[in-house]
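Using the sequences plus the hints, can you model the full thing?
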Amino acid sequence: MTASARGSVMASQQIIIEAGRTAGQYWRDLWRYRELLYFLAWRDILVHYKQTAIGVAWAVIRPLVTMVIFTVIFGRIAKLPADGGVWYPVLVLAGMLAWQFCATVLGEASNSLVANSNLISKVYFPRMLVPLSTVGVPLLDLAVSLPLLGLLMAYAGVVPPWQVVFVPLFILLGAAAALGLGLFLCALNVGYRDVRYVIPFIVQFGLFVSPVGFSTSVVPGEWRLLFNLNPMVLVIDGMRWALLGVGEPFAGGGWVVSLGVTAALLVCGVQYFRKTERTFADVI
Numbered sequence: 252m253t254a255s256a257r258g259s260v261m262a263s264q265q266i267i268i269e270a271g272r273t274a275g276q277y278w279r280d281l282w283r284y285r286e287l288l289y290f291l292a293w294r295d296i297l298v299h300y301k302q303t304a305i306g307v308a309w310a311v312i313r314p315l316v317t318m319v320i321f322t323v324i325f326g327r328i329a330k331l332p333a334d335g336g337v338w339y340p341v342l343v344l345a346g347m348l349a350w351q352f353c354a355t356v357l358g359e360a361s362n363s364l365v366a367n368s369n370l371i372s373k374v375y376f377p378r379m380l381v382p383l384s385t386v387g388v389p390l391l392d393l394a395v396s397l398p399l400l401g402l403l404m405a406y407a408g409v410v411p412p413w414q415v416v417f418v419p420l421f422i423l424l425g426a427a428a429a430l431g432l433g434l435f436l437c438a439l440n441v442g443y444r445d446v447r448y449v450i451p452f453i454v455q456f457g458l459f460v461s462p463v464g465f466s467t468s469v470v471p472g473e474w475r476l477l478f479n480l481n482p483m484v485l486v487i488d489g490m491r492w493a494l495l496g497v498g499e500p501f502a503g504g505g506w507v508v509s510l511g512v513t514a515a516l517l518v519c520g521v522q523y524f525r526k527t528e529r530t531f532a533d534v535i
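Using this note's numbering, the first residue of the sequence shown is number 252, and each one after it goes up by one.
Treat the hints as calculated values from the structure; they're not laboratory data.
A few of these clues could be false.
[To be verified] For each label pair, taking beta carbons as the anchor points, the in silico distance ranges come out as:
| # | residue 1 | residue 2 | range |
| --- | --- | --- | --- |
| 1 | GLY472 | GLY511 | 15 to 25 angstroms |
| 2 | TYR406 | SER368 | 38 to 48 angstroms |
| 3 | ALA514 | VAL415 | 38 to 48 angstroms |
| 4 | ILE328 | GLY511 | 27 to 37 angstroms |
| 5 | GLY306 | TYR406 | 43 to 53 angstroms |
| 6 | ALA532 | LYS330 | 51 to 61 angstroms |
| 7 | VAL534 | VAL415 | 29 to 39 angstroms |
| 8 | VAL518 | ARG475 | 40 to 50 angstroms |
| 9 | ARG294 | GLY511 | 31 to 41 angstroms |
| 10 | ARG529 | GLY306 | 32 to 42 angstroms |
Predicted model only: the values in this text are computed from it and were never measured.
Yeah, the Cβ is synthetic: ideal placement off N, Cα and C, and Gly gets one too.
Listed below in structure tokens is the structure:
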């Protein structure tokens with residue numbers, strides 16, 4: 252066999268690795284690399300509170316302090332009512348835990364590609380695994396904070412209702428909404444590092460337009476449609492309904508609007524991420 256013929260055979264046997272030649276191939280790659288998702292999430296958990304004085308206690312202190320501030324402002328000064336007559340701090344904390352989970356997912360996912368630039372520029376794997384792995388730390392924080400809510404519920408005499416089994420569903424909805432926006436922002440952040448300065452503003456703005464320190468019932472009817480464009484409304488109201496048995500998250504059609512916005516965020520975030528993914532290693 253001549254040298255040119257051998258070269259042709261070798262060229263025909265080369266394996267070319269691309270960041271997902273087709274959508275079907277890409278989703279199969281995500282499943283094949285599922286162990287990497289676990290290791291990335293576990294690495295983030297191990298280093299999240301490393302070299303901190305009080306460690307994982309921050310997962311309790313942050314929502315607790317915010318609960319106290321919101322209770323004073325909305326409960327004592329503004330004297331806003333609480334659904335079902337539940338103790339106001341319990342109402343606020345249930346909403347704060349849902350919000351903190353989603354806000355942390357959004358913040359971590361948005362900066363995940365830049366934070367892992369060395370890994371992305373050296374080896375191929377489905378890049379979407381990086382922002383997806385950021386859900387691990389917020390889940391740990393939520394698991395650590397829930398006992399605090401349980402203690403306050405016991406003090407206030409609130410017994411979890413039967414719908415507590417739906418808590419994982421609302422956590423999943425919150426993660427979907429946060430990841431949808433996070434996938435878009437993290438892809439945008441690769442090319443435009445200004446995005447990292449916008450993310451805290453989005454989180455802060457979202458905190459005050461979400462029903463964390465107040466009940467959705469205080470929002471005037473003429474503003475409900477606009478209010479429900481915020482996907483966190485369904486997540487927070489759903490968590491309160493599932494944990495405390497208060498509120499009506501599925502009353503009217505507002506929940507359909509919030510669910511539709513969540514689905515749109517996730518689909519658009521995935522599409523934009525996939526569209527720009529092949530350029531990450533060159534730009535980052």
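Going through the earlier hints one by one, which of them does the structure break, listed in rising order?
-> 3, 5, 7 and 8
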